[in-house]
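Line order of the protein sequences matches chains A and B.
Residue 203 in my numbering sits at position 203 of the first sequence, with consecutive numbering throughout.
Count along the second sequence from 1, then add 1000; that gives the number in my numbering.
Hint data in this document are derived by calculation from the structure and do not stem from the laboratory.
Keep in mind the model is a prediction, meaning the values are calculated, not measured.
Treat the hints with caution; some may be incorrect.
As the list claims (entries may be wrong) - Here chain A is said to cover these stretches of chain B; the calculated rule only asks that three of the stretch's residues, wherever they fall, bring their Cβ under 8 Å from a Cβ of chain A:
hint: 1; segment: 1017 to 1029
hint: 2; segment: 1048 to 1056
hint: 3; segment: 1093 to 1099
hint: 4; segment: 1109 to 1120
As the list claims (entries may be wrong) - Calculated cross-link-like contacts (lysine-lysine; reagent style DSS-like; alpha-carbon spacing at most 27 Å):
hint: 5; chain 1: A; residue 1: K9; chain 2: B; residue 2: K1138
hint: 6; chain 1: A; residue 1: K328; chain 2: A; residue 2: K229
hint: 7; chain 1: B; residue 1: K1138; chain 2: B; residue 2: K1119
hint: 8; chain 1: A; residue 1: K328; chain 2: B; residue 2: K1208
hint: 9; chain 1: A; residue 1: K62; chain 2: A; residue 2: K121
hint: 10; chain 1: B; residue 1: K1205; chain 2: A; residue 2: K328
hint: 11; chain 1: A; residue 1: K121; chain 2: A; residue 2: K197
hint: 12; chain 1: A; residue 1: K274; chain 2: A; residue 2: K9
hint: 13; chain 1: A; residue 1: K328; chain 2: B; residue 2: K1119
hint: 14; chain 1: B; residue 1: K1138; chain 2: A; residue 2: K15
hint: 15; chain 1: B; residue 1: K1119; chain 2: A; residue 2: K9
hint: 16; chain 1: A; residue 1: K229; chain 2: A; residue 2: K62
hint: 17; chain 1: A; residue 1: K197; chain 2: A; residue 2: K229
hint: 18; chain 1: B; residue 1: K1205; chain 2: A; residue 2: K9
Note that CB positions come from ideal geometry on N, CA and C, so glycine has one too.
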Amino acid sequence: MRLRTLVWKELFERKNQVATGFLAILLGITVIVAIKNTSFYSEKAVARELDALGANVLILPKSVTLDDYYKADMQAEEIPEEYVTRLAASDIQGIDNLSPKLSVPVSVRDRQFTLTGILPKNEFQAKAAWKGAGVFSRPQGCGVVANVPGLTPSAPQETLVRKRVIETLERNQVLVGADAASFLRLEEGDELPVLGKTFSVTAILPETGTVDDSRIFAHLHAVQELAGKGPVVNAIEIVGCCNEISKGLTANINKLLPEARVVTIRQVVDTQIKTNGMMSRLSMVFLAIIVLVGGASIANYMYANVFERRREIGTLMALGSGSGLVLKLFLLKALLIGVGGGIGGYLVGTVLAVILGPRLAGVPVLPMPTLLLWAMGISVAITLAASYFPARRAARLDPSTTLQET
Amino acid sequence: MLKLEAVNKSYNHSREPVTALHDVTLEVPQGDFLSIVGPSGSGKSTLLLILGGMLSPSGGRVLLDDRPIYSLTPDERARVRRENIGFVFQTFNLVPYLSALENVQIPLFLDGADEAVQKEKASALLERVGLAERMDHKPSELSVGQQQRVALARMLANDPRIILADEPTGNLDPAMTREIVQFLVEMNREGRTIVMVTHTPEAAKSAKRTLRLEEGVVYE
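Make the full structure from the sequences, and use the hints.
Written as structure tokens, this is what we have:
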């Protein structure tokens, strides 16, 4: 016989009494696993939708206001393109995407359009790598949806519209907004002469209902050259992690670029922070309820169990058991209940999340194995903490009193 | 071997002081078989618990091999019990969810014996008390007499030098009483020291000497 034999046999001897405490823990862990699993996928889905709203931080020339930028984004003042290199090579936390822009008015077939120069991501990634470090040397995806199982990733041609970033763009290529393409009757592969240079149409952008629909996007350096401007841009759009923004991302950029104006688009940031905050608060509320209800239920059961086993504890002590063994007897039992409750709660909670998640939150939900460790940790911590004082009471029982009781 | 020197035990009951033992001095030499008789409430069980290191006296000393046992910590006294003393109770005090074999294994488990050794010794002891066919039975599946025989086997598991028996025949019929008493006599012949509290005259007669306890005072 071993200690675990004693614990295991006693658990099954009084299984109806154990059931109450075990169910409280199991249900609690089930609920919190289901919420955490669903909210993880729900947050990602919300972030993906919010991602379409575009950048949440803008870097503008000092005298340019946000209104000026929204009206035309072709203000006379410019900032050096070198700022992009500084940002890309910096160790500032929380930058997901950078998008420098230079916009100039152009006339194509007697109609005015905006030619916007953009820098493809591979170029400033190369700049960052060339400098040896930088924001893109770290894992990204904190503020936007990276590849999440169950969610369809964006089509490559949509990334400019959704994330304000395009991976690659040659100097003789353009992307054309939906309205501009419709007016100019352009299709992919067509040629388009702009400011005396002929570009190849790489893609027609999907309709966004914004000023982007009448834009023509070309490589930043090609636009700078055609417009006769040096290495300058009108603005740098940044998609930053909302949590990092609230922790001082803007201040860090200000410190890095003191000559520029850094503007946070609060609506986008606030919505993301609010959504994420609501989910995490909901989880915390449930966690608190589970700790209280589950803990109280286990403590109540353990106190009753110690009371019921007074004579048995007295007998063990008479036979030579020390108080340490009695303490272990009850704590091992709590550990088994905790492990069982954690595994059971994870399994039931995951099944519930996978089945009910799509109906309640409208998002596909997949099992998250990392939640198993989390569920077991919480469950074991609750059962051990709730059982400690009953176990200590058992270890301190006076054997002579328990043996003299009739 | 076991000595009580001017031992007193008093406690409060409903705020009234009660004296359970009054100035008890007693010597139990190695190989003795001592029975203690007396009316209910005279302090017999209290005396036995004090001898077993389970209840601290209010005054006086209890010595085992000339060492005062109440100067030890509770866990050290538990070790002394494990190595030297076997208890037999009137109500047997078997663990209800364990089989007869597992109940007998308890003292061996507490002593840190290997599982195979536990089983081997426990089986041999159950065979000795005539319960070879009932090893896997739980206490509730055994008769009263069989339960007391399991308790006797459990008491012998650690091969104790001293046996403290608290009314071991109190719940048994005359035939079973004779059997248990005979068993204790046999244990005494093997050289073990026995202190037995009893109400049964037949059991008391089988002891080498008898003490009478009345209102906490010992009479030879």
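Against the structure, the hints come out as follows:
1. 1017 to 1029: Violated - the segment 1017 to 1029 of chain B has 0 residues with a Cβ nearer than 8 Å to chain A, which falls short of three.
2. 1048 to 1056: holds (count 4)
3. 1093 to 1099: holds (count 5)
4. 1109 to 1120: holds (count 5)
5. K9/A - K1138/B: This hinted pair holds, its Cα atoms lying about 12 Å apart.
6. K328/A - K229/A: Roughly 78 Å separates the two Cα atoms, so the pair is violated.
7. K1138/B - K1119/B: holds (16 Å)
8. K328/A - K1208/B: Not OK: K328/A and K1208/B at ~42 Å, beyond 27 Å, violated.
9. K62/A - K121/A: Roughly 25 Å separates the two Cα atoms, so the pair holds.
10. K1205/B - K328/A: violated (44 Å)
11. K121/A - K197/A: The given pair, whose Cα atoms are some 23 Å apart, holds under the 27 Å limit.
12. K274/A - K9/A: violated (50 Å)
13. K328/A - K1119/B: holds (23 Å)
14. K1138/B - K15/A: At roughly 17 Å apart (the allowed maximum being 27 Å), K15/A and K1138/B satisfy the hint.
15. K1119/B - K9/A: Judged against 27 Å, a Cα distance of about 17 Å means the pair holds.
16. K229/A - K62/A: It holds: about 19 Å lies between the C-alpha atoms, which stays within 27 Å.
17. K197/A - K229/A: holds (16 Å)
18. K1205/B - K9/A: violated (42 Å)
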